[in-house]
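Trainee: Given the sequences, and given the hints that come with them, work out the whole structure.
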Amino acid sequence: MIDFVIPWVDGNDPEWQADKAKYSPSKNSEVDDSRYRDMGLLPYWFRGVEKFAPWVNKIHFITCGHLPGWLNVKHPKLNLVKHSDYIPQEYLPTFNSHTITFNIHRILNLAENFVFFNDDTFLLNNAKDCDFFVDYIPCDQALMRNMTPLDTHFARIMFNNMSVINKHFRKHEVIKKNFFKWFSPKYGLNSCFINWQNYRQVNFSDIVNPHLTLAYKKSQFEYVWNLEGELLHETCLHKFRDIEDVSDWLVRYFRIMRGEFKPSKVLGRAYSLGTSAKIICNAVKTQKYKVICINDGASKIDFDFFKKEVSNAFEAVFPEKCSFEV
Numbered sequence: 148m149i150d151f152v153i154p155w156v157d158g159n160d161p162e163w164q165a166d167k168a169k170y171s172p173s174k175n176s177e178v179d180d181s182r183y184r185d186m187g188l189l190p191y192w193f194r195g196v197e198k199f200a201p202w203v204n205k206i207h208f209i210t211c212g213h214l215p216g217w218l219n220v221k222h223p224k225l226n227l228v229k230h231s232d233y234i235p236q237e238y239l240p241t242f243n244s245h246t247i248t249f250n251i252h253r254i255l256n257l258a259e260n261f262v263f264f265n266d267d268t269f270l271l272n273n274a275k276d277c278d279f280f281v282d283y284i285p286c287d288q289a290l291m292r293n294m295t296p297l298d299t300h301f302a303r304i305m306f307n308n309m310s311v312i313n314k315h316f317r318k319h320e321v322i323k324k325n326f327f328k329w330f331s332p333k334y335g336l337n338s339c340f341i342n343w344q345n346y347r348q349v350n351f352s353d354i355v356n357p358h359l360t361l362a363y364k365k366s367q368f369e370y371v372w373n374l375e376g377e378l379l380h381e382t383c384l385h386k387f388r389d390i391e392d393v394s395d396w397l398v399r400y401f402r403i404m405r406g407e408f409k410p411s412k413v414l415g416r417a418y419s420l421g422t423s424a425k426i427i428c429n430a431v432k433t434q435k436y437k438v439i440c441i442n443d444g445a446s447k448i449d450f451d452f453f454k455k456e457v458s459n460a461f462e463a464v465f466p467e468k469c470s471f472e473v
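For the sequence shown, the working numbering begins at 148 and goes up steadily by one.
Treat each hint with caution, since some may be false.
Said to hold, decoys possible - In silico lysine to any residue, SDA-like type, Cα no more than 20 Å apart, as pairs:
#1 K205 <-> K365
#2 K432 <-> K409
#3 K229 <-> A165
#4 K198 <-> D166
#5 K412 <-> I448
Calculated directly from the structure, the hints in this document are not laboratory data.
Mentor: This is the structure in structure tokens:
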């Protein structure tokens, strides 16, 4: 039994905007509007799931309380989850994606095995349950890379994650214990070579994050909370993403270090809105990948142009409504 989890926010909702405006971000916070704006692609997420992953047990749709007017809220596979339904009250309201994700294991009736989607990540081709879990063990990749310069919020948070990992694990011991999970032929020769180059360093510098779907076990979240509860608590107290945060990818890193995954190929491709609209739209229309991410975070673009072009591409692939729409 495998569930899907997807958080969503309507950055255009006046009530949500008013709530957000009540809180002053610190100088360490990341509050760029591109983190919250909606491209209007959510219907295609549901159409992709219905067409390409009909085997999913339940979809847990997380919001602060607002819902798209077109959503069929009575769909038997849909579980509507408010932040207040599962996030401890002391962290609410929150505009921090780390808080929303770090507490996912608290969702009532969430299956032990679930796939996490950001709302910018879509299924574009047939996906099998074994793409995400094999014998109920999450599929993943143990790929190392050098740490990027600490000149962005993202890089600082990744540094925080790796500091925790290096506190708990000895790099050479971890890799020797699960050598063929770090040097799997499924990664390709180049990725294995990069792993070998990084293997010679004493500590882990960084882990590659495909920025696509992530298969998780609920118990893996519980394990990290039990081990580093104070650190996660401090992150969840931040109303906005903060350079002092650790991210929910920390849960993934712990399971990689412990060997609790099956080596697999990357399922798809992540694009930024800074990429050519033509390239993104072509990837969508040709359905080249099983999973595609269209990540925002680019403030200096013609957002309306990208929104229109990408929406038209998805409409060409999914022209008909699904049962999750009224």
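Trainee: Now, for every hint given, state plainly whether the structure supports it.
Mentor: Hint check:
| no. | hint | result |
| --- | --- | --- |
| 1 | K205 <-> K365 | holds, 14 Å |
| 2 | K432 <-> K409 | violated, 30 Å |
| 3 | K229 <-> A165 | holds, 18 Å |
| 4 | K198 <-> D166 | violated, 36 Å |
| 5 | K412 <-> I448 | violated, 32 Å |
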